[in-house]
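> Under the working numbering, the letters of the sequence shown match residues 1 to 64, in that order.
Incorrect hints may appear among the rest.
[Claimed, not checked] Simulated pairs of lysine-lysine, DSBU-like, Cα-Cα distance not exceeding 35 Å:
1) Lys34 - Lys46
2) Lys46 - Lys58
3) Lys34 - Lys58
No lab work stands behind these hints, which were simulated from the structure alone.
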Amino acid sequence: MAHAIEQAATLAEPRSSFVSEAQAARQQMLRTGKGYDASEVHTYLKARIADRSHARLKTTSWRD
1 MAHAIEQAAT LAEPRSSFVS EAQAARQQML RTGKGYDASE VHTYLKARIA DRSHARLKTT
61 SWRD
């Protein structure tokens with residue numbers, strides 16, 4: 001039981017940091033109106049997983 005509590009406490013900080021970064025990214029996206037196309041993100045991630053080089057993604061406007 002003590003190990004489970006220790007593990008939960010250890011994971012809380014990275015999770016909190018991840019959530020904070022996600023919230024900041026969302027605010028930036030809403031402020032700028034720019035983001036990444038989902039299909040391009042999927043292609044990029046598949047290439048990265050396969051250890052192939054792939055051009056960095058560019059943001060595009062998602063507002064009309």
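> Please go over all the hints and tell whether each is borne out by the structure.
Hints, verified against the model:
1. Lys34 - Lys46: The hint holds at about 22 Å.
2. Lys46 - Lys58: It holds: about 17 Å lies between the C-alpha atoms, which stays within 35 Å.
3. Lys34 - Lys58: With Cα atoms ~9 Å apart, Lys34 and Lys58 stay inside 35 Å; holds.
When held up to the earlier numbered hints, the structure conflicts with none and fits them all.
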